[in-house]
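Protein chains: 2
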Amino acid sequence: MKIYEFKAFSNPRRVRMFLAEKAIDIDYEQIDIPGGDHHKQPFISKNPWAAVPVLELDDGTFISETVAISRYFEELQPEPALMGSTPKEKAVIEMWQRRVESSISNANTNYFHHATDGLGDSGRYRNKQWGEKNAEISFEGFKKLDKQLESNKFVAGVSYSIADITALCAADFALSLKIISLDDFPHVKRWYENVSNRPSAKA
Amino acid sequence: MKIYEFKAFSNPRRVRMFLAEKAIDIDYEQIDIPGGDHHKQPFISKNPWAAVPVLELDDGTFISETVAISRYFEELQPEPALMGSTPKEKAVIEMWQRRVESSISNANTNYFHHATDGLGDSGRYRNKQWGEKNAEISFEGFKKLDKQLESNKFVAGVSYSIADITALCAADFALSLKIISLDDFPHVKRWYENVSNRPSAKA
Numbered sequence: 001m002k003i004y005e006f007k008a009f010s011n012p013r014r015v016r017m018f019l020a021e022k023a024i025d026i027d028y029e030q031i032d033i034p035g036g037d038h039h040k041q042p043f044i045s046k047n048p049w050a051a052v053p054v055l056e057l058d059d060g061t062f063i064s065e066t067v068a069i070s071r072y073f074e075e076l077q078p079e080p081a082l083m084g085s086t087p088k089e090k091a092v093i094e095m096w097q098r099r100v101e102s103s104i105s106n107a108n109t110n111y112f113h114h115a116t117d118g119l120g121d122s123g124r125y126r127n128k129q130w131g132e133k134n135a136e137i138s139f140e141g142f143k144k145l146d147k148q149l150e151s152n153k154f155v156a157g158v159s160y161s162i163a164d165i166t167a168l169c170a171a172d173f174a175l176s177l178k179i180i181s182l183d184d185f186p187h188v189k190r191w192y193e194n195v196s197n198r199p200s201a202k203a
Numbered sequence: 001m002k003i004y005e006f007k008a009f010s011n012p013r014r015v016r017m018f019l020a021e022k023a024i025d026i027d028y029e030q031i032d033i034p035g036g037d038h039h040k041q042p043f044i045s046k047n048p049w050a051a052v053p054v055l056e057l058d059d060g061t062f063i064s065e066t067v068a069i070s071r072y073f074e075e076l077q078p079e080p081a082l083m084g085s086t087p088k089e090k091a092v093i094e095m096w097q098r099r100v101e102s103s104i105s106n107a108n109t110n111y112f113h114h115a116t117d118g119l120g121d122s123g124r125y126r127n128k129q130w131g132e133k134n135a136e137i138s139f140e141g142f143k144k145l146d147k148q149l150e151s152n153k154f155v156a157g158v159s160y161s162i163a164d165i166t167a168l169c170a171a172d173f174a175l176s177l178k179i180i181s182l183d184d185f186p187h188v189k190r191w192y193e194n195v196s197n198r199p200s201a202k203a
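Taken in sequence, the protein lines are chains S and G.
Going by the numbering used here, the first sequence opens with residue 1, and the numbers climb by one from there.
Going by the numbering used here, the second sequence opens with residue 1, and the numbers climb by one from there.
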């Protein structure tokens, strides 16, 4: 097994953190994303959607999409559970993971590609107004997350889960884009300092 | 248990189809989305993200997000499996479900809200150019789906899955928005005629 990734990006980090929490070691191969290698062969055959990370299984199957890769390892090695154990836990964690993804992670990415120079890929379609709107969308997402963390230790409740991984990577990306300051969100700040101290955060 | 939904929308239909495939009966309550009830109490407390569907469990827990609701029922009643059985099947199905969601379903929704009158909610932020770009994004997504269906009976391979449900609802939405014509995608067309004939498609 091997993972194709680009270390500086948020989505590969989500998978590395997930594997660190499960203490699973795996080989990585870096793809030159700034150089555009994700749009060329041989990578584009591994994932026609031209995105990292991609997991290659020993039988030659390629799995892309961050959460699909995480799911594979959750099923292979259920403990420690990062996606829940009971039907209700699984549903609540998936709900929060998706909420953070759709209202924060995706908004950060849209801001990056549309309102900044992004990867410097000059041929790419850009809509600056839409990009700037996404800074607001991300900020609003953090407001909702702050409300959830007011009465919950972790994003999906009492236990650390994949929702915390998604949210920490989204928070670090938003901070680097200067979309948010942690001082605006006291409960996010308390949670951020807690989860950033886990060894997996350095993965 | 009860599901809050708005029958005309694509995401509630995804859950109804999922439950029809599993032969699970449940009560539904309609939310007046065109009237804006999803932004008001009591609904907004059930889902602060102001979207349907929402599942209410007997213990009072609210689960939102279409795939999180589907996951709950998959775990409660695994057969027939719509999200896979082995780690690899689960990962491949989740990958395809997410690919269709991010490149087609979300693009349709963006087109609807930004390039058309959408729900007629005049206060909503609209970016017409971004909306029109999303018609192209959806079309490109169908091109990739057509390639996958050239050599696969169903979206995620040999078996019907949640990826087919997501894709059928996305196809019907794109057809109603006139973003695509099935004649542009011969393999999607063959698959569409097949899955549209399942009783669940009328759910």
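Hints were generated in silico from the structure; no laboratory data involved.
Among the hints, a few may not be true.
To be verified - Covered stretches of chain G, going by a simulated chain S footprint (3 or more residues, C-beta under 8 Å):
| hint | stretch |
| --- | --- |
| 1 | 25-32 |
| 2 | 89-95 |
| 3 | 129-143 |
What the hints assert, rightly or not - Simulated pairs of lysine-lysine, BS3-like, Cα-Cα distance not exceeding 25 Å:
| hint | chain 1 | residue 1 | chain 2 | residue 2 |
| --- | --- | --- | --- | --- |
| 4 | S | Lys46 | G | Lys143 |
| 5 | G | Lys22 | G | Lys7 |
| 6 | S | Lys7 | S | Lys144 |
| 7 | S | Lys40 | G | Lys143 |
| 8 | S | Lys128 | S | Lys46 |
| 9 | G | Lys88 | S | Lys2 |
| 10 | G | Lys178 | G | Lys143 |
| 11 | G | Lys133 | S | Lys133 |
| 12 | S | Lys147 | G | Lys128 |
| 13 | S | Lys46 | G | Lys88 |
| 14 | S | Lys22 | G | Lys88 |
| 15 | S | Lys143 | S | Lys153 |
| 16 | G | Lys22 | G | Lys202 |
| 17 | G | Lys88 | G | Lys147 |
| 18 | S | Lys143 | S | Lys128 |
| 19 | S | Lys143 | G | Lys143 |
| 20 | G | Lys147 | S | Lys46 |
| 21 | S | Lys128 | G | Lys133 |
| 22 | S | Lys46 | G | Lys153 |
| 23 | G | Lys40 | S | Lys144 |
| 24 | G | Lys128 | G | Lys178 |
Claimed, not checked - Computed beta-carbon distance windows for the label pairs:
| hint | chain 1 | residue 1 | chain 2 | residue 2 | range |
| --- | --- | --- | --- | --- | --- |
| 25 | S | Ser85 | G | Ser45 | 44 to 50 Å |
| 26 | G | Gln77 | S | Phe62 | 18 to 24 Å |
| 27 | G | Lys143 | S | Phe62 | 33 to 39 Å |
| 28 | G | Lys189 | S | Asp183 | 52 to 58 Å |
| 29 | S | Ser85 | G | Ala23 | 23 to 29 Å |
| 30 | S | Lys202 | G | Pro34 | 28 to 34 Å |
Glycine residues also receive a C-beta, built at the ideal position from the N, C-alpha and C atoms.
Results for each hint:
{"no.": "1", "hint": "25-32", "verdict": "violated (count 0)"}
{"no.": "2", "hint": "89-95", "verdict": "holds (count 5)"}
{"no.": "3", "hint": "129-143", "verdict": "holds (count 3)"}
{"no.": "4", "hint": "S:Lys46 <-> G:Lys143", "verdict": "17 Å, holds"}
{"no.": "5", "hint": "G:Lys22 <-> G:Lys7", "verdict": "19 Å, holds"}
{"no.": "6", "hint": "S:Lys7 <-> S:Lys144", "verdict": "29 Å, violated"}
{"no.": "7", "hint": "S:Lys40 <-> G:Lys143", "verdict": "18 Å, holds"}
{"no.": "8", "hint": "S:Lys128 <-> S:Lys46", "verdict": "31 Å, violated"}
{"no.": "9", "hint": "G:Lys88 <-> S:Lys2", "verdict": "15 Å, holds"}
{"no.": "10", "hint": "G:Lys178 <-> G:Lys143", "verdict": "16 Å, holds"}
{"no.": "11", "hint": "G:Lys133 <-> S:Lys133", "verdict": "16 Å, holds"}
{"no.": "12", "hint": "S:Lys147 <-> G:Lys128", "verdict": "32 Å, violated"}
{"no.": "13", "hint": "S:Lys46 <-> G:Lys88", "verdict": "16 Å, holds"}
{"no.": "14", "hint": "S:Lys22 <-> G:Lys88", "verdict": "18 Å, holds"}
{"no.": "15", "hint": "S:Lys143 <-> S:Lys153", "verdict": "16 Å, holds"}
{"no.": "16", "hint": "G:Lys22 <-> G:Lys202", "verdict": "14 Å, holds"}
{"no.": "17", "hint": "G:Lys88 <-> G:Lys147", "verdict": "21 Å, holds"}
{"no.": "18", "hint": "S:Lys143 <-> S:Lys128", "verdict": "23 Å, holds"}
{"no.": "19", "hint": "S:Lys143 <-> G:Lys143", "verdict": "38 Å, violated"}
{"no.": "20", "hint": "G:Lys147 <-> S:Lys46", "verdict": "14 Å, holds"}
{"no.": "21", "hint": "S:Lys128 <-> G:Lys133", "verdict": "13 Å, holds"}
{"no.": "22", "hint": "S:Lys46 <-> G:Lys153", "verdict": "20 Å, holds"}
{"no.": "23", "hint": "G:Lys40 <-> S:Lys144", "verdict": "16 Å, holds"}
{"no.": "24", "hint": "G:Lys128 <-> G:Lys178", "verdict": "16 Å, holds"}
{"no.": "25", "hint": "S:Ser85 <-> G:Ser45: 44 to 50 Å", "verdict": "27 Å, violated"}
{"no.": "26", "hint": "G:Gln77 <-> S:Phe62: 18 to 24 Å", "verdict": "31 Å, violated"}
{"no.": "27", "hint": "G:Lys143 <-> S:Phe62: 33 to 39 Å", "verdict": "19 Å, violated"}
{"no.": "28", "hint": "G:Lys189 <-> S:Asp183: 52 to 58 Å", "verdict": "54 Å, holds"}
{"no.": "29", "hint": "S:Ser85 <-> G:Ala23: 23 to 29 Å", "verdict": "26 Å, holds"}
{"no.": "30", "hint": "S:Lys202 <-> G:Pro34: 28 to 34 Å", "verdict": "49 Å, violated"}
Comparing the model with each numbered hint stated earlier shows that hints 1, 6, 8, 12, 19, 25, 26, 27, 30 do not hold.
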